[in-house]
Amino acid sequence: MDIIISNASEQPIYEQIFNQIKNNIISGKLKEGDALPSIRNLAKDLRISVITTKRAYDELEAAGYINTVASKGCFVAPKNVEVIREEHLKEIEKRMREISNLAAACNLSEDEIIEMYRVIQREG
Amino acid sequence: MKGLLLKDYYTITKQIRIYLLILVIFAFLPGFPAFLLALVYSSMLPITVIAYDEYSKWNRMAEMMPYSETELVLSKYVLGYIAVVLIWILSIVVQTVLELIAGIKGDSLTDPQYITLICVALGFEAVILPLMFKLGVEKGRIILIALAGGVTFCASFFGGKLSSIKALEADPAGVMIISTAAAIVMNVLSVLLSVHLYKSVKK
Amino acid sequence: MNAIETRGLCKTYGDFRLENINLVLPSGCIMGLVGENGAGKSTTIKLIMNAVERDSGEVSIMGTDNKSREFKKLKENIGVVLDEAYFPEVLNAVNVNAVMKSTYKNWNEEQYFNYIDRFSLPRQKRFKDYSRGMKMKLAIAAALSHSPKLLILDEATGGLDPMIRDEILEIFNEFTRDESHSVLISSHIVSDLEKICDYIAFIHNGNLIFSDEKDRLFQKYGIIRMSKENFKEVPQDAVIGKKASEYFVEALVRKDLMPGNCNFERAGIEEIILFMAKEDR
Chain A
25 MDIIISNASE QPIYEQIFNQ IKNNIISGKL KEGDALPSIR NLAKDLRISV ITTKRAYDEL
85 EAAGYINTVA SKGCFVAPKN VEVIREEHLK EIEKRMREIS NLAAACNLSE DEIIEMYRVI
145 QREG
Chain B
6 MKGLLLKDYY TITKQIRIYL LILVIFAFLP GFPAFLLALV YSSMLPITVI AYDEYSKWNR
66 MAEMMPYSET ELVLSKYVLG YIAVVLIWIL SIVVQTVLEL IAGIKGDSLT DPQYITLICV
126 ALGFEAVILP LMFKLGVEKG RIILIALAGG VTFCASFFGG KLSSIKALEA DPAGVMIIST
186 AAAIVMNVLS VLLSVHLYKS VKK
Chain C
249 MNAIETRGLC KTYGDFRLEN INLVLPSGCI MGLVGENGAG KSTTIKLIMN AVERDSGEVS
309 IMGTDNKSRE FKKLKENIGV VLDEAYFPEV LNAVNVNAVM KSTYKNWNEE QYFNYIDRFS
369 LPRQKRFKDY SRGMKMKLAI AAALSHSPKL LILDEATGGL DPMIRDEILE IFNEFTRDES
429 HSVLISSHIV SDLEKICDYI AFIHNGNLIF SDEKDRLFQK YGIIRMSKEN FKEVPQDAVI
489 GKKASEYFVE ALVRKDLMPG NCNFERAGIE EIILFMAKED R
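So the sequences go chain by chain: A, B and C.
For the first sequence, the working numbering gives the first residue as 25, with consecutive numbering after it.
For the second sequence, the working numbering gives the first residue as 6, with consecutive numbering after it.
For the third sequence, the working numbering gives the first residue as 249, with consecutive numbering after it.
Excised from the complex, chain A in its bound form (with noise of 0.2 Å):
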């Protein structure tokens, strides 16, 4: 698993700690049952704060990502279907914005749109 942290950014490093490892279980890199690495290690590895760390694996719990099992560390949580819709029909509506704002930088209208995504759909 890759995590980069970077200190220029504006983002939180818990955020952006947070974002990496729920993009790999979402991506699926990351399987059910998997070990984590401890919060300790982790901090001590990527040379930050051990209570950042912590504070990520704690919302990575509460959003229901990762489930801590006392003495033994975290493993990733069984995959919550719902939890996964969510989070990929927000990145679809993400990505429809982007397309919005293009398609109005080249005037195409919603029916060219519509049109353009049918073809894509019968290359399948």
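Honestly, the hints are just simulated from the structure, not real lab data.
Some hints could be false.
Stated by the list, open to error - Footprint (simulated), chain B over chain C, 3 or more residues, beta carbon under 8 Å: (1) 296–305; (2) 339–346; (3) 350–363.
Unchecked claim - Here are the computed lysine-lysine pairs in the BS3-like style, where the Cα-Cα straight-line distance is at most 25 Å: (4) K480/C to K468/C; (5) K46/A to K78/A; (6) K383/C to K349/C; (7) K62/B to K349/C; (8) K321/C to K204/B; (9) K491/C to K204/B; (10) K353/C to K62/B; (11) K476/C to K491/C; (12) K480/C to K7/B.
Just so it is clear, the structure is predicted and the values come from calculations on it, not from any experiment.
All C-beta atoms, glycine included, are put in the ideal place defined by N, C-alpha and C.
Fit chains B and C to the known structure of chain A by using the hints.
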């Protein structure tokens, strides 16, 4: 405390070898004046070590180690005791050897007079060490010299009239017992005083 | 458990007054103590080790009052490196091993000589012939070799070159991989502390200005640069400190008190303390 004494031992053997050499030479010379000088020198050893401690600021570090103030102070007394006893034993050994080989017969160093002398040396330590802990070696030494001068002056002035000298000639064993007791009491009080002074300086 | 906890710690030395120092270092964490020379960092460390008597307040180390009798035994578990190594001049690395072996019950000779070799310290050379860097490395090796749970370092990386400093910081970072290990480190090289600390405490003129999680500080504060005209619009209670030049104003602000559409530059610990100290003057 062993660690502290070991550190002092390294300081003595490496930093003040000449001092040590003089000490051993005195111990090798038979007779009363040499032994007296060796005793005075060895009872001054703690002061010399304290001076080197002050120079290297060793105590700043020692205070961070698992040592109590009492141990830090007491180790200097113990160093003095060891030095005095070692010199005494060394002198006895040397004298015995000289007697066996060359047939030179000196006074027996286990005589009460000599034990009394050792007690005087230990009493001397008891007086000077609190001064060192309170004032530091630099100022302490000045007071020490003044003190020694005063004592020498008094001794030379009143020497013959002092009853203790007469007593020493008349009843050496009795004086030995009294001086031993006095040395012990003085040292106990002196250690307590030094610990107190050391703590008050630390504040 | 907290490795170090001080409450209302005060000490007066002639003109100097250290006031109301409240620090909490949870076990497993690294706290950096920053502040200019003479701000009171060393005094704080001495008070924590009870090497000077406090006037008032409380200090508890790993749950033990540092004035209690048990504290002496607890010192076995504390490795301290002061701003200088005060070993007697004539000792060499081998002698230091012998002295420490009789001082600490947990002294680990093998580990000590590992560090000596790792730091390329000559074993037979006398301490007085060591360079400053070598002296500090010897002190650090000694502090690490009696299996301490708490490391206290007072300007211990000063005078070391950046490569060695980085190597030593990495040792401290590794040291806290164990949850029961903690580090309190004072330095005026703020970038070093920024690298490894979980908490940063800032002491200025004998007062504790803040003591907070490092990342929370980054989240809380930001730098803005704008024209003098625009700066007038900025809510004044958000401004922690400012520097005005002829062309623009640069300011440290609290992000939460600023209007939502503002762009911030990241404020490093160095900037945060400089702006705070400046405003104080």
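**Request:** Check each numbered hint from earlier against the structure, then list the numbers of those it violates in ascending order.
**Result:** Numbers 9 and 12 - these are the hints that the structure violates, sorted from lowest upward.
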